[in-house]
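Chemist: One letter stands for each residue in the lines below.
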Amino acid sequence: MNGYGSRERILARVRRALADVPAHERPADHPVPRDYAAVHGTRTPEETVELLAANLADYRARVHRTDTAGLPALLAGLLARRGARRVVVPAGLPPQWLSRAVVEPVTDSPALTHRDLDAMDSVVTGCALAIAETGTVVLDAGPDQGRRRITLIPDHHLCVVRLPDQVVDSVPQALRRLDPLRPLTWISGPSATSDIELDRVEGVHGPRTLEVLLVNP
Amino acid sequence: MKTQLGMPAFPEAAGRSTRDLRLRANLRHATGLIRERRAAAVAELADWERLRAAAAAVKDRTLRHLDHYLLRLEERVTAAGGTVHWAADAEEANRIVTGLVRATGEREVVKVKSMATQEIGLNEALARAGIRAYETDLAELIVQLADDTPSHLLVPAVHRNRGEIRDIFRERMGHWGRPAPKGLGDRPAELAEAARLHLREKFLRAKVAVSGANFMVAETGTLVVVESEGNGRMCLTLPETLISVVGIEKTVPTWQDLEIYLQLLPRSSTAERMNPYTSLWTGTTEGDGPRHFHLVLLDNGRTDTLADQVGRQALRCIRCSACLNVCPVYERAGGHAYGSPYPGPIGAILTPQLRGLASPLEESLPFASTLCGACYEVCPVAIDIPEVLLHLRARVAEGGEATLRGTRTVIRPARRHTLERTVMDAAAWALDRPGVLRRGQRLAARTRRLHPRRLPGPGRAWTESRELPEVPPESFRDWWARTRGGGR
Numbered sequence: 001m002n003g004y005g006s007r008e009r010i011l012a013r014v015r016r017a018l019a020d021v022p023a024h025e026r027p028a029d030h031p032v033p034r035d036y037a038a039v040h041g042t043r044t045p046e047e048t049v050e051l052l053a054a055n056l057a058d059y060r061a062r063v064h065r066t067d068t069a070g071l072p073a074l075l076a077g078l079l080a081r082r083g084a085r086r087v088v089v090p091a092g093l094p095p096q097w098l099s100r101a102v103v104e105p106v107t108d109s110p111a112l113t114h115r116d117l118d119a120m121d122s123v124v125t126g127c128a129l130a131i132a133e134t135g136t137v138v139l140d141a142g143p144d145q146g147r148r149r150i151t152l153i154p155d156h157h158l159c160v161v162r163l164p165d166q167v168v169d170s171v172p173q174a175l176r177r178l179d180p181l182r183p184l185t186w187i188s189g190p191s192a193t194s195d196i197e198l199d200r201v202e203g204v205h206g207p208r209t210l211e212v213l214l215v216n217p
Numbered sequence: 218m219k220t221q222l223g224m225p226a227f228p229e230a231a232g233r234s235t236r237d238l239r240l241r242a243n244l245r246h247a248t249g250l251i252r253e254r255r256a257a258a259v260a261e262l263a264d265w266e267r268l269r270a271a272a273a274a275v276k277d278r279t280l281r282h283l284d285h286y287l288l289r290l291e292e293r294v295t296a297a298g299g300t301v302h303w304a305a306d307a308e309e310a311n312r313i314v315t316g317l318v319r320a321t322g323e324r325e326v327v328k329v330k331s332m333a334t335q336e337i338g339l340n341e342a343l344a345r346a347g348i349r350a351y352e353t354d355l356a357e358l359i360v361q362l363a364d365d366t367p368s369h370l371l372v373p374a375v376h377r378n379r380g381e382i383r384d385i386f387r388e389r390m391g392h393w394g395r396p397a398p399k400g401l402g403d404r405p406a407e408l409a410e411a412a413r414l415h416l417r418e419k420f421l422r423a424k425v426a427v428s429g430a431n432f433m434v435a436e437t438g439t440l441v442v443v444e445s446e447g448n449g450r451m452c453l454t455l456p457e458t459l460i461s462v463v464g465i466e467k468t469v470p471t472w473q474d475l476e477i478y479l480q481l482l483p484r485s486s487t488a489e490r491m492n493p494y495t496s497l498w499t500g501t502t503e504g505d506g507p508r509h510f511h512l513v514l515l516d517n518g519r520t521d522t523l524a525d526q527v528g529r530q531a532l533r534c535i536r537c538s539a540c541l542n543v544c545p546v547y548e549r550a551g552g553h554a555y556g557s558p559y560p561g562p563i564g565a566i567l568t569p570q571l572r573g574l575a576s577p578l579e580e581s582l583p584f585a586s587t588l589c590g591a592c593y594e595v596c597p598v599a600i601d602i603p604e605v606l607l608h609l610r611a612r613v614a615e616g617g618e619a620t621l622r623g624t625r626t627v628i629r630p631a632r633r634h635t636l637e638r639t640v641m642d643a644a645a646w647a648l649d650r651p652g653v654l655r656r657g658q659r660l661a662a663r664t665r666r667l668h669p670r671r672l673p674g675p676g677r678a679w680t681e682s683r684e685l686p687e688v689p690p691e692s693f694r695d696w697w698a699r700t701r702g703g704g705r
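Sequence order for the protein chains is P and D.
Counted from 1, the first sequence has number 179 at position 179 by our numbering; the numbering is strictly sequential.
Heads up, our numbering is the position in the second sequence plus 217, with the first residue counted as 1.
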């Protein structure tokens, strides 16, 4: 493999191609106007949560609202309605969340194979944050979210968003709070496709049912 | 990608495809739908034009200092546990990827939809090495099962309707793995379910995945893949080895820059506020996802494009496909007529630049446009496609300097355009001489019954795609001289 030769060759081609760029020009010298909006519109915190709920629902996520005290009962009810028995959970999921659920929780570990995960009925996680303007929840593999694969292989994902701290208005605000060194998954509704006649259909490879639980303190 | 060698020039290919009524109905339906939705999604953001200006400026800054940003990117990816490879052309990229797959001992890979790997013909190269590549995007799966070629950047099977897709699944899925369910119907939800079942097995056992990327962040070494179905997430997280083949122009300088593109891209491409899944990863993460990550940085004509001060703006492209969906020529001719994985207006300026004016196909592409400008209007990175089309037309007709595989060369005018130039020169001469023009027009009017619909001899090329205009019985000047505008 002559990869190193190609590295030098490509870099030399780039530099020759840019002969018209003045030698003294530094990258920052080329102006980038950043007068676009940091947030679209002004909202109260409650309005932001309502927008998040509306946008999540618009892309077919099921949205539920409760408070910390009501969360275990809500989760128990949703899992029961689904008929879920085996539920994979990240190692750092607060234990009280599933305290009312009549299920067999399986804690994520490297020993679980992909096929083991394929046999799970549901997964319950927290999130890193949620974006109201786009109806997005973001996972960053934190302790209450676990490895990326556990929210991918099971067909039913229950995702808890803690209000108001975990909700931001916009994409720019979200990026400011996220750590690029962590693996990130942005989820906006259940898996979908527009590949047949450009018409959106929900439910392909990722979880076909996404339930988002917006939880007040 | 099937071999594109010997593809007919655009006029011949479009001459055939425009007569395919089913293709035209499929395209009219799909592009009409997405045009309206895109307009609604864009209208939600009052600062769209400012985002667009920022997106263009960030890409220009990157391109003007691409060497700087590529080195930064390489450093960050390496620091995060990835391995960076550089590929000057398609052949080298294919060799690198084949070698990496071989080193794992695996004979199959799962693939995320990627324009770069289509461009280099990776699947065919892997097949020659005895490695089977499974496309996992629904539309790419349809194309692969049907032994077809993609016709749209985002929806490669847009030329197929649901009935055709059902037939392809019924007939072909069994040859590639799990057959289609018995009694499969043509509802999109049923078809998506069939794809889920067919690919599940492959995802769960895959050890190697190949992807592209929508963005690479130089500052952090982060790669971004934007998708809808979850096939991307499957490929990016389940296998042990991940190989990403990415064009060097996909670089953006900073993490913050993503805030621009992650707002522009989903609304421009699928008309969504946000696409269902976006994956961002930086090198490898202990205990989560692939243990080995290889990034193959691809040139393959991009530095040649960069060398052209007018044409380089094509490298801003984020492959959203908005320009295809609004293009009257694309809607009628379909994607295959463009003879490249990059169809539509962006293909008409990208293909001739990436490949050079290598054959009559590339020479014909800058002319595959009415210059209506709709593509420029919707482009989220403000590529002035008509400007580049005109620039490339001039290069085809008049020749000039261009860079090919890193070497500056002088292009000779395309042969067919020599005649056109002679005719234009003659026309300019006649238009400067009113007497000559008048005599010519009268002669034309008097002989009008004898005019053929198609020009003979060297003029034939011009009338292959145009009806010869009918000559009126009398020129305007003669009519005016006779009536002073007072009627017949």
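Please keep in mind that the hints were generated in silico from the structure rather than gathered at the bench.
Please note: incorrect hints may appear among the correct ones.
Unchecked claim - Keeping only pairs whose Cα atoms sit at most 25 angstroms apart, straight-line, the calculated SDA-like set for lysine to any residue is: (1) D/K419 x D/E436; (2) D/K424 x P/A76; (3) D/K424 x P/A119; (4) D/K399 x P/A91; (5) D/K419 x P/L163; (6) D/K419 x P/D155; (7) D/K419 x D/P396; (8) D/K399 x P/S109; (9) D/K424 x P/D140; (10) D/K419 x D/D284; (11) D/K424 x P/L98; (12) D/K424 x D/E457; (13) D/K419 x D/D403.
Because the structure is a prediction, the values reported are computed rather than measured.
Chemist: State the violated hints by number, sorted upward, taking the hints as numbered earlier in the document.
Modeler: 1, 2, 4, 5, 8, 10, 11
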